[in-house]
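Engineer: Sequence:
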Amino acid sequence: MDDRFCFSEEEHVLPLINGDLCTGCGECVDTCPAGALALVESQAAIVRPERCSYCGDCEDLCPEGAIARPFEVVLQEKMQHD
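Using our numbering, you'd call the opening residue of the sequence shown number 1 and step up by one each time.
Just so you know, the hints here were simulated from the structure itself, not pulled from any lab data. Keep in mind that the hints are not guaranteed to be accurate.
[Claimed, not checked] What follows is a list of derived Cβ distance ranges for each label pair: (1) 30 to 68: 14 to 20 angstroms; (2) 71 to 41: 27 to 33 angstroms; (3) 71 to 34: 27 to 33 angstroms; (4) 42 to 71: 27 to 33 angstroms; (5) 16 to 42: 15 to 21 angstroms; (6) 30 to 54: 25 to 31 angstroms.
C-beta atoms are modelled at their ideal positions from N, C-alpha and C, and glycine is treated no differently.
Kindly produce the complete structure, drawing on both the sequences and the hints.
Structural biologist: So, in structure tokens, the structure goes:
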């Protein structure tokens with residue numbers, strides 16, 4: 001693994017759902033293994049955030065591209081070689 005790219009296991013950022021793109025098809029709800037999503041007023045919503053495992057299934061299967069998992073890339077300073 002490249003040590004320049006580090007993700008903190010302590011940080012848990014939930015996927016973002018773009019309401020303008022979501023058509024309420026329910027594919028994300030059906031595919032979420034944790035049961036964290038539901039349709040609320042014909043839109044996908046994370047209704048049980050404590051269950052979200054950040055697996056990415058919802059983002060990968062959303063036909064409209066309405067779900068995104070934000071993340072922060074942390075780069076370490078360049079190491080000097082001997």
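Engineer: Now, for every hint given, state plainly whether the structure supports it.
Structural biologist: The hints, checked one at a time:
1. 30 to 68: 14 to 20 angstroms: Between residue 30 and residue 68, where Cβ atoms are some 19 angstroms apart, the hint holds.
2. 71 to 41: 27 to 33 angstroms: Hint holds: Cβ distance 28 angstroms, inside 27 to 33 angstroms.
3. 71 to 34: 27 to 33 angstroms: violated (18 angstroms)
4. 42 to 71: 27 to 33 angstroms: Roughly 28 angstroms apart at Cβ, these two residues keep to the hinted range, so it holds.
5. 16 to 42: 15 to 21 angstroms: Distance hint for residue 16, residue 42 holds at roughly 18 angstroms.
6. 30 to 54: 25 to 31 angstroms: violated (18 angstroms)
When held up to the earlier numbered hints, the structure conflicts with 3, 6 and fits the remainder.
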